[in-house]
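Colleague: Here is how the chains run, residue by residue.
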Amino acid sequence: MEITEKHVAETATKLSINDILGKKVLSVKWEPKLKYAWDNGPALGRYLAELKNGKIIAKKCDKCHRIMIPPRMFCELCWRPTGEWVFVQDTGIVNTWVVSYVDWKATRLDIQRGVRPITPAVIEIDGASKGMGILHHLDEVDPWKIYRGMKVRAVWKPAEERIGAITDIKYFKPME
Amino acid sequence: MALIERYQKTTDISYWPGQIPMSYIYTAGRAGEKFFREIMNGRILGARCDSCEITYVPPRTYCEKCFARLEDRYVEVGTKGQVHTFTLCYQSFDGTRRETPSIVAIIRIDGTDGGLVHWLGEVEFKEVYIGMPVEAVFKSEGEREGSILDVKYFKPSR
Amino acid sequence: MRRVAIVGAGLTKFYRNVQETPKELAYEAAKMALDSCEMKLSDIDCVVHGTAPDAFDGVHMKGEYLSDASGGYRKPYMRHFVGGGSGVLSPIHGWFHVASGLFDTCLVVAEEKMSCAYPHPAGAFLTIFDHTTEQPLYPTLIWIFAIEMNRFMTTHGYRKEDIALVAVKNKKNAMDHPSAQLPGEITVQDVLNSEIMAWPVNRLDISPTSDGAAAIVLAAEHVARRVTEKPIWIDGVGWALDTAYWCTRDLYYPDYLEVAARQAYKMAGIKEPSKEIHVAEPYDPFTYKELHHIEGLMLAPRGKSVQMLVDGVFNRDGNLPTSPSGGLLGVGNPIAAAGLMKVIEIFLQLRTEAGKRQVPGKPTCGVAQAWGDLMQVGTVVVLRN
Chain P
1 MEITEKHVAE TATKLSINDI LGKKVLSVKW EPKLKYAWDN GPALGRYLAE LKNGKIIAKK
61 CDKCHRIMIP PRMFCELCWR PTGEWVFVQD TGIVNTWVVS YVDWKATRLD IQRGVRPITP
121 AVIEIDGASK GMGILHHLDE VDPWKIYRGM KVRAVWKPAE ERIGAITDIK YFKPME
Chain E
1 MALIERYQKT TDISYWPGQI PMSYIYTAGR AGEKFFREIM NGRILGARCD SCEITYVPPR
61 TYCEKCFARL EDRYVEVGTK GQVHTFTLCY QSFDGTRRET PSIVAIIRID GTDGGLVHWL
121 GEVEFKEVYI GMPVEAVFKS EGEREGSILD VKYFKPSR
Chain Z
1 MRRVAIVGAG LTKFYRNVQE TPKELAYEAA KMALDSCEMK LSDIDCVVHG TAPDAFDGVH
61 MKGEYLSDAS GGYRKPYMRH FVGGGSGVLS PIHGWFHVAS GLFDTCLVVA EEKMSCAYPH
121 PAGAFLTIFD HTTEQPLYPT LIWIFAIEMN RFMTTHGYRK EDIALVAVKN KKNAMDHPSA
181 QLPGEITVQD VLNSEIMAWP VNRLDISPTS DGAAAIVLAA EHVARRVTEK PIWIDGVGWA
241 LDTAYWCTRD LYYPDYLEVA ARQAYKMAGI KEPSKEIHVA EPYDPFTYKE LHHIEGLMLA
301 PRGKSVQMLV DGVFNRDGNL PTSPSGGLLG VGNPIAAAGL MKVIEIFLQL RTEAGKRQVP
361 GKPTCGVAQA WGDLMQVGTV VVLRN
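Residue numbers (this note's numbering), protein chains in the order written: chain P, 1 to 176; chain E, 1 to 158; chain Z, 1 to 385.
Worth flagging that the hints you see were computed from the coordinates, not collected in a lab.
The structure displayed is predicted, hence computed values, not measured ones.
Every residue, glycine too, gets a C-beta built ideally from N, C-alpha and C.
Restraint-style ranges between C-beta atoms, simulated for each label pair: (1) E/A68 x P/R113: 56 to 62 Å; (2) P/M73 x E/F125: 48 to 54 Å; (3) Z/L102 x E/I20: 35 to 41 Å; (4) E/G42 x P/P117: 52 to 58 Å; (5) Z/D54 x E/I106: 22 to 28 Å; (6) E/R98 x P/V28: 18 to 24 Å; (7) E/P133 x Z/Y73: 28 to 34 Å; (8) Z/D54 x E/E135: 32 to 38 Å; (9) Z/D311 x E/P17: 50 to 56 Å.
Computed footprint of chain Z on chain P; a stretch qualifies when at least three of its residues, placed anywhere within it, have a C-beta under 8 Å from a C-beta of chain Z: (10) 34-44; (11) 93-105; (12) 159-168.
For reference, chain P alone in the conformation it holds in the complex (with noise of 0.2 Å):
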C-alpha cells in the first residue's frame, strides 16, 4: 500500500506555539525537580582532588599500556581494573574544535554586540596515550585561527579558588 496525504492528513493536527501559549488548544505546564549528587568514584574522585592541587592525573592499563584520561577503575578494552596513577601535563594538542554562536540552552549569542563566540575543543593530553582527548574551552585565541594540531595549555583558577572540579581549569590557550 503506498502511503499517500490522505492516509496522513488526519494522523497529527498541527500547532504553534502561540496555540499553546494562547490556550487555544488546553495544555498543562509542569517543572520536574530533577536534582542529584553524583557519587565519582574512586577514579574520578582522585581526578578533582589533583585538579585541586592544580594537578591533572590519569591510569594506566598494565595490559595494553593505555595511559588513560580522565581516570577510569577498569580499561574498557582489556575488560580488566587498570594499574598506576600516572600524572600527565596541562598541556595538549587541539583534536578538533567548534567555534559556537549558540549556548546550551540554545540562545543566541549576541556576535554581533561583539560577544566571543564559545569555542569547546577535544584537547589531546600531553603525557596520556595518543588520542586521549578531554572537552574543554579554548580562550586567549582568535576563533577563526584555531587549528588542528595546535599547542595549547591550561590556565589554573588561583589555588584559593579551586575546588575540585574540571573548571578549576578555566580554559587552555595557545602556547606561544
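Given the structure of chain P, go ahead and fit chains E and Z onto it with the hints provided.
Modeller: Relative to chain P, chains E and Z alone:
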C-alpha cells in the same frame, strides 16, 4: 581479579551535585481537549467501544483491546460514581509530611469501566467505605480552567 | 532461525508541534500499519516499542505509558532505547521475537513527541554528557556534531559547500513525501548563508526537532506469504555500540557503524556492499552525517563520498540513491520514529510503492541505518524483496 583500592584519604571520595533542568508543556490531546472542555461545563465525558462493551473514562481516541477508533463515540457519563478504593495520604509528592492528611480515592463513574483519581471532601476518613456513592463538586464556573482541578473533590451523595 | 518479513507499515505526519498526546500519535501509526495489511490487533502476538529519552516526552517510564496505544494491552511487550538508533533497532528487536520461533507476528512501533520539552529540550541534551567532567562546561549537543563535522572535514579535506548538497538533495526529495515537515527547493548558497549555529554547522545543515510516530508489522514466513504478495525480507541485522568516552575516539570515522554493518552484511551474504545494495537510507540528522554513515556502511571508500555526492551518484536517479525519502533533513526528526521512517522507505521502494519517490531500476536490496546516543551506536538492517 576484584576491584579493590584502598582509600588513603577520605577527601578523595566525593560527589558532584547537579540537575537535569527541564520544563514541560503537555497538550491535552484530541481526546483530552474534548474531555477538559466538558469539565469546564461541569460535565464528565467517556468513550464507548460497542464491540468490547467497555466505556472508558477519561475518554480516549482508541480502544486498547480491539484498536477500534472511538473518536465519534464520546458519551456523557454523569458526575456520580462509587469509591473503588481509597487511602489517607500523609506525604506530599515531594516527600515532605503534610500537616492535614488528605483522602485520595479512585472513583468508578457509574455505568462505566473507567475512573478518576481524585480527593474526597466533606467527609471524615472513618466514614469512607468501598462502594460509597459520591458525586463531583466543581469549582464555580468563573474559576474553571479546563484542568482536572476544576473538580474540587468528590463528596458523598445521599 | 526463521525468515521474517515486513508486511505492513504506517506513518503519521511529522510536525514541530502537534496537538495529539504521545499515545494518540502512536495509535495512529500502529492502526495504519495494521490496516495496510488488513490485520487485526488479535492477529498480533507481541509488540515492541522504540522511543528515545523519557525526558523528551516528559513521561517517566515512557515505554509502559505507550504500551496500550501501541497495541500492547495484555501482550508480551518490550521497549528498547539506543537514542537515535532506536528507530532501526526497532525492526531488529521485533525480528528476534519472530526469528526465534517464539512468536509468529510482531507489531513494531516508534514514537516521539519532542515538543513537550518547552521551550527546548536543551536540558535533556546537557545531561547526555558526563555529569562531572563535561556538564560543568555547559556543552550543548550542537557542539558535538560540529566537533565531529570539523574532524571529518579536516581529515578528508571536504568543503562545506559540497557537504551542503546533502541538504539540497534531501529537502528536494522530501517534497514528494506526504509526511514531510521541511520539504523545499534550496540551494547550496541558502545553506551557507543560513545562520551559523556552531561553526561548521549552519542552521540548514540540521534536521528539525519533531513530533511523529511510525509502525511496521513483522510476520514469520508462513504468515507473511498469506498476508501479502510482496513480503520484504529482513535478511541482515547488525548493531554495535562504542565507548561513551567520546573524546578518546578519532571522530572522523564511525568504527561502531562498520562493525554493525559487517554483522548485517555477513548475515545477508553481501560481499560488495556498494555493488549489491541498490538503495540506501543512511541516518542524516546533519548534512555531513549522511556522508559519514555512507562511508561507515562501506557504500563509499573513506574520503571519496563527497566526490560521489557531487557526481550525482546518490541522487534518486543515480547509481546508489540515498535518502530518497528526503531523510531527516527533509521529512523531520522525531528521533525514534525517524529511523523507522527510513526502514519504511526501503520497504516501500522494494515493493515499488514509493509513488513519486520511487527510484528507477527495480531495486531488490536496500539498507536502512540509524545512529544515536553520544556518537555511539550504529544499527543496520538489510532488506530484500
